[in-house]
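Novice: For reference, the chains in residue letters:
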Amino acid sequence: DAGITQSPRHKVTETGTPVTLRCHQTENHRYMYWYRQDPGHGLRLIHYSYGVKDTDKGEVSDGYSVSRSKTEDFLLTLESATSSQTSVYFCATRAGQNNSPLHFGNGTRLTVT
Amino acid sequence: RKEVEQDPGPFNVPEGATVAFNCTYSNSASQSFFWYRQDCRKEPKLLMSVYSSGNEDGRFTAQLNRASQYISLLIRDSKLSDSATYLCVVIMGTYKYIFGTGTRLKVLA
Numbered sequence: 122d123a124g125i126t127q128s129p130r131h132k133v134t135e136t137g138t139p140v141t142l143r144c145h146q147t148e149n150h151r152y153m154y155w156y157r158q159d160p161g162h163g164l165r166l167i168h169y170s171y172g173v174k175d176t177d178k179g180e181v182s183d184g185y186s187v188s189r190s191k192t193e194d195f196l197l198t199l200e201s202a203t204s205s206q207t208s209v210y211f212c213a214t215r216a217g218q219n220n221s222p223l224h225f226g227n228g229t230r231l232t233v234t
Numbered sequence: 811r812k813e814v815e816q817d818p819g820p821f822n823v824p825e826g827a828t829v830a831f832n833c834t835y836s837n838s839a840s841q842s843f844f845w846y847r848q849d850c851r852k853e854p855k856l857l858m859s860v861y862s863s864g865n866e867d868g869r870f871t872a873q874l875n876r877a878s879q880y881i882s883l884l885i886r887d888s889k890l891s892d893s894a895t896y897l898c899v900v901i902m903g904t905y906k907y908i909f910g911t912g913t914r915l916k917v918l919a
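Protein chains in written order, with our numbering: chain A, 122 to 234; chain B, 811 to 919.
Quick caveat, the hints were computed from the structure, so don't treat them as lab data. By construction, the Cβ of each residue, glycine as well, lies at the ideal position given by its N, Cα and C atoms. Be careful, since some hints might not be right.
[Claimed, not checked] Partial selection, computed: residues in chain A whose CB lies under 8 angstroms from chain B: (1) H162; (2) L164; (3) Y169; (4) Y171; (5) G172; (6) G184; (7) Y185; (8) T207; (9) F211; (10) A216; (11) G217; (12) N219; (13) F225; (14) N227.
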């Protein structure tokens with residue numbers, strides 16, 4: 122697949138603490154995405170990036186920020202974690218051509234207590 | 811109305827059966843379509859793209875009906891290993907990939 126690594130794979134944290142999830146890709150893909158997946162909601166877009174230092178909000182961006190300082194890394198930060206942010210987080214990438222499919226990392230399971 | 815809708819299932823079918831899933835989308839400007847497969851507690855993986863003329867990959871056939879705004883996935887000769895959740899994805903614009911909530915398939919021995 123597209124060589125996408127997410128870290129950590131699992132994390133338990135307390136309400137109010139900041140958390141950073143990392144996505145690393147080795148395919149030199151231009152576009153990178155962060156999704157969360159919850160039962161009954163499917164995959165929902167948090168933020169995406171269309172190049173280094175170029176990012177934009179998705180449909181559920183409140184409480185999250187992102188940074189992309191180099192092509193291969195896309196960081197997702199929960200500024201002050203809340204229990205509603207307990208979820209499975211997936212990073213995805215795609216090549217630059219329009220309408221190309223997404224390729225996913227293996228996910229981070231985050232629990233906020 | 812959701813932008814992309816799927817019957818959540820589960821669809822329970824015996825080995826060897828043929829099963830079909832539909833996925834409806836609300837925006838007629840939608841450009842491209844995909845089917846993904848997701849196993850329990852794993853990431854979604856691309857199964858196949860969906861082309862306007864329909865396309866086949868082994869036991870899997872994907873079709874697009876733009877007039878009625880749905881895509882379909884047909885699985886022939888179901889295997890136990892086909893048990894998974896199938897997600898449809900619709901692209902709108904340059905970056906917007908909209909996922910359905912998935913249809914669960916259980917193939918029974």
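Novice: Each hint should be assessed against the structure and marked as holding or not.
Specialist: Going through the hints against the structure:
no.	hint	result
1	H162	7 angstroms, holds
2	L164	4 angstroms, holds
3	Y169	6 angstroms, holds
4	Y171	7 angstroms, holds
5	G172	12 angstroms, violated
6	G184	21 angstroms, violated
7	Y185	17 angstroms, violated
8	T207	15 angstroms, violated
9	F211	6 angstroms, holds
10	A216	12 angstroms, violated
11	G217	10 angstroms, violated
12	N219	6 angstroms, holds
13	F225	4 angstroms, holds
14	N227	5 angstroms, holds
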